[in-house]
Amino acid sequence: MIEVLLFGAAADRAGTRKVRLEVEEDSTLAEIWPLLTDRYPGLCPMRDTLAFAVNGEYARMDGRVGPGDEVAVLPPVSGG
Amino acid sequence: MIEVLLFGAAADRAGTRKVRLEVEEDSTLAEIWPLLTDRYPGLCPMRDTLAFAVNGEYARMDGRVGPGDEVAVLPPVSGG
Amino acid sequence: MFGIVEEKIDVGAMIGAASRPDCGAVCTFVGTTRVDESGGNSVEYLEYEAYRPMADRKLEEIGAEIRSRWDVGHVSIVHRVGRVDPAEASVAIVVASPRRGPAFEASRYAIERIKEIVPIWKREVWSDGYVWVGSQVGTRQA
Amino acid sequence: MFGIVEEKIDVGAMIGAASRPDCGAVCTFVGTTRVDESGGNSVEYLEYEAYRPMADRKLEEIGAEIRSRWDVGHVSIVHRVGRVDPAEASVAIVVASPRRGPAFEASRYAIERIKEIVPIWKREVWSDGYVWVGSQVGTRQA
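In order, the protein sequences belong to chains A, B, C and D. Numbered per our numbering, the first sequence finishes at 80, counting up by one with no gaps. Numbered per our numbering, the second sequence finishes at 1080, counting up by one with no gaps. Numbered per our numbering, the third sequence finishes at 2142, counting up by one with no gaps. Numbered per our numbering, the fourth sequence finishes at 3142, counting up by one with no gaps.
Keep in mind that the hints were calculated from the coordinates and are not lab data. A virtual CB, placed ideally from N, CA and C, is assigned to each residue, including glycine. Be a bit skeptical, because a hint or two may be false.
Unchecked claim - Away from chain C, derived, C-beta distances all over 12 Å, residues of chain D:
#1 Glu3007
#2 Asp3056
#3 Trp3070
#4 Asp3128
Unchecked claim - Quick list of the computed label-pair ranges, beta carbon to beta carbon:
#5 Ser3068/D / Met61/A: 49 to 55 Å
#6 Glu1057/B / Gly2129/C: 54 to 60 Å
#7 Asp3036/D / Arg2140/C: 52 to 58 Å
#8 Glu57/A / Thr1049/B: 56 to 62 Å
Throw the hints in and build the complete structure from the sequences for me.
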């Protein structure tokens, strides 16, 4: 199990702020993305604008993710 | 009569902050300077660092000064 | 001091805490809610959310970047979340340095970096719906 | 608000007065007394004097220059005279603008202009005498 947190416009599009997903040991973010969009197709058009974090640090799509990790889906930041 | 105000290091060097001088109608600052340094020779070495104001506005050495005017002797400003 | 806060930001207190005898300059940047208008509608307030604790950590990282680049005596960065009404502060950056150049440069750097790397999002709540800034997703008709 | 004051500067109140719904950025510069040290001696305080009302008028002029160069919603500049102890503010500049660039640029401009055209002088009072900054005249042995 991993926990996926969604923020801002991504939470809006998914209609949720948190989802738990069953993933294999040693998955990648690239493999997790289709699991998310299967469940929340509204996220799909945002793909190119999103960044991701694993356990609180920015990660690339080939970044490793396994059970127990926290993944965050981050729309373009707009603080300030 | 004009009133000459001295500030900062110039007041220090002259040992006074205010002096009244008898001047002709239509004098210039250039003509007033020797009257000042005659009385306060300590000012003389500061000459090249000083600016002057007549009635509260910066003035050049050929600026006109006459009875009733206020002249200010301004060392390099150091606000901030 | 670095971090996300939920209450109003006390900028005067932050400047007081930054004032030190070894520094001659304090530069402060405050971002406030601006009321934009368009087509008869206007922004009523901004609503911010953050991914914590990553956001706190990224603010600290910006502080560390500043200390590595400039001679500064004090840096603090605070960002508010939740509803921020017009003219209220969403973010405050305070930098004290011995001389003024670094204080100006570092505070400008901090706000630019916040807009690049800190996981904080705002939506503009208008009289006719809201929009997530940067994503253009929301309930307003464009 | 522009002018010379004799009392402590309340920077928090100045920022509060600058915060407006049509502006999204407030940049504040505060100059403070820095304790320099040299040869076992140190600065105990600064003492400022000004030529009034010319100094007040020059501060207003700087405000007018800023309004003619940048899109700003608020500018205020206050300079204190008399004794200013370590870490206390001698000058505060607050600029609010719709966007952040002008607020930073204008507040930097203001402090540079103050140092060029406003008839204010400071002397550093050291443990072993004083010196007029800029003139190097005083009672300290160099």
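Hints, one by one, checked against the model:
1. Glu3007: holds, 16 Å
2. Asp3056: Given that every Cβ of chain C is farther than 12 Å from that of Asp3056/D, nearest at about 23 Å, it holds.
3. Trp3070: holds, 15 Å
4. Asp3128: holds, 18 Å
5. Ser3068/D / Met61/A: 49 to 55 Å: Check passed, 51 Å falls within 49 to 55 Å.
6. Glu1057/B / Gly2129/C: 54 to 60 Å: holds, 56 Å
7. Asp3036/D / Arg2140/C: 52 to 58 Å: holds, 56 Å
8. Glu57/A / Thr1049/B: 56 to 62 Å: holds, 57 Å
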